[in-house]
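J.: Protein chains in written order, with the working numbering: chain W, 1 to 522; chain L, 1 to 195.
If you are wondering where the hints come from, they were derived from the structure by calculation, not from laboratory data. Glycine residues also receive a C-beta, built at the ideal position from the N, C-alpha and C atoms. All clues given are correct.
Not the full set, but computed from the structure, chain L residues with beta-carbon under 10 Å of chain W:
1. S10
2. G11
3. F12
4. Q44
5. R110
Below are the chains, spelled out letter by letter.
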Amino acid sequence: MADRAQPLSAGLRLGAGAAVLLTLALTLGPLGAVLARAGTFAALGPADWAALRFTVAQATVSAALSLGLAVPVARALARRRFPGRGLLITLLGAPFILPVIVAVMGLLAIFGRSGLVNDGLAALGIGRISIYGFGGVVLAHVFFNLPLAVRLLLQGWLAIPAERFRLAASLGFGPGDIARHLERPMLKALGPGIFVTIFLICLTSFAVALTLGGGPRATTVELAIYQAFRFDFDLGRAAHLASLQLALCAATALVAARFTVPSAFGAGLDRPVARWDAGGAGLRVLDTLLLGAAALFLLAPLAAVFLTGLPRLATLPEPVWRAALRSVLVACGSTAVAMGVSLPLALAIARRGRAGMLEVVGMLPLATSSLVTGTGLFLLLRPLASPGDLALPVTVAVNAAMALPFVLRALIPAARDLEADYGRLAQSLGMRGLSRLWLLTLPRLRRPLGFSAGLTAALSMGDLGVIALFADEDHTTLPLQLYRLMGAYRMADAAGAAVLLLGLSFGLFWMFDRGGRADAGA
Amino acid sequence: MLVLENIVISGFFPAASGRILWEGRDISGLAPGERPLSILFQDQNLFPHLTVAQNVGLGLCPSLRLTAAETARVDEALARTGLAGMGDRRPRTLSGGQQSRVALARVLLRSQPLMLLDEPFSALGPALKDEMLDLVSDIAVETGATVLMVSHDPDDARRFSGETIVVAEGRAAAPEPTQALLDNPPPALAAYLGT
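Put together the whole structure using the sequences plus the hints.
T.: Structure follows, in structure tokens:
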């Protein structure tokens, strides 16, 4: 009976209505302000064209490399079982909540001017490579999106029924035949969606371009908005660039909406696929090398940050601790807002039983970027307060909005199950309003609520986006403070702050997620 | 397939036309929980995250804010259905028969004039099922309730003697005395019974 629309109760209608209004105010409101300020689409200058070209080029190459490298790694993971396999798969989920600025620190320690790789190259008498510019931006994007692509592809492999592999084995298929008949069709079906998803992430990524890009040849549109805003305080140009970015993102999001991409957080990923074709020594060596290289690529940068940063933790200057406290408060604030908005939205969507306008509203933040929203909010709120005073509230709001699509993706299926399993019983007993919320909804949705609250808190904790537009000395968050330490070449303090940030992000995630699991009862 | 929610009186299924009168009062617009009836579904009759006593207590007050007297009534209902001392346990720690008893204890407390049952014991073995049907009939006598049960098993119908409505090819026939109906079935029922 799940497909039958149930009338929404007055309380839920009120909550969902408020949630929709808030979401629209945080997405369409700022977009409207940006478009109004930008006025007519004036001709793009050469610098704008360069930013547009660079943005699309780095996103294309990043998405292609991430996907291309993910295929052999995911295949190796799918067909091998070894100790630590489950841990490696969990680790592949970590970059999602890893603060970008921390990863950049790690990549600098390995691939930077005086990093391990360059020292090695110099020892061999080969010239040094530079991590800044196109190569560095792509490297960082691959670092973040290769694991995502591997997890998504792994789901594709696991979705191939085990019976097919058994049938293939009984027909004497070799690895080549399996690839042709089983794997390539799956890759063809999943590949485009994963590519577009990563492409969209790379279009809107700001912190990577801020730290590793820059200059006339390596500026993304998102970074150009920041520079117009922050350095030139040219609001017209910022609005102009923001509308360009908006068009780019909205067009990509429309394309992305045509593909279904499995959730990257699916359970049961540690189940290996039974294979009879991959026993050859050559393939075994190849898979071992691939998995080792992938693990090294992901772990080495983080290990480098840890080793340099951990000893500095105790001697971090006081402003860093103050920024950390501010960040924790911002993270908790965004989590509260995101949960308050998404729970009524998810319940209303589940009650309606089919996808509709509510779901579109919830996914709107995917089509915008944090700097576009930030620019718009600044234009809207400028008459009311000074940018410094707005910095933290605006960051809370934007972080909550940006997390909304991920939270809804976790909550909606659970809310649908809840409605299908216990909706009738609750109705037959006359459970409504707050008693239904306390006695049924919150206890049954505890797990997805805890998980998505953890995601939101960690994303918000590590976010270096809109805060960079607004913050003055008194309103910095920890990621921004870390960026400033790096800019001042205080690398040891920066590494200490990075360890602190890493610990707080993962700690917040763990705390909320754990809270959702504890005493789940039944 | 006939399921209980598809019966208009349950409140889960809107009537295409007409209205439902109960003791002269129009109840067509009432939500399922406000109607003068208790329902036992085929499955999912208990909330797994609530204790046995809480599940039963929902029959008295949907917000579970129970007075001391009401808590005592919950204990009484548990004792009456053979579940004394099990109030603090979670449903999944009980056997299938005990879980059915919890749901019946709640029906007993709600004490509504109409009991709707949708093959509620089809997952139980024959002996246990008979035991539950006897408990249903005891509770119905105690609370003076009318029982409306959906079943595919003619033996269930015989147990309650009463009257039977045959539903075949999308039409519900008028109620007839069960014994006579089963002894001398009309063609549609005969085809179903295979006699």
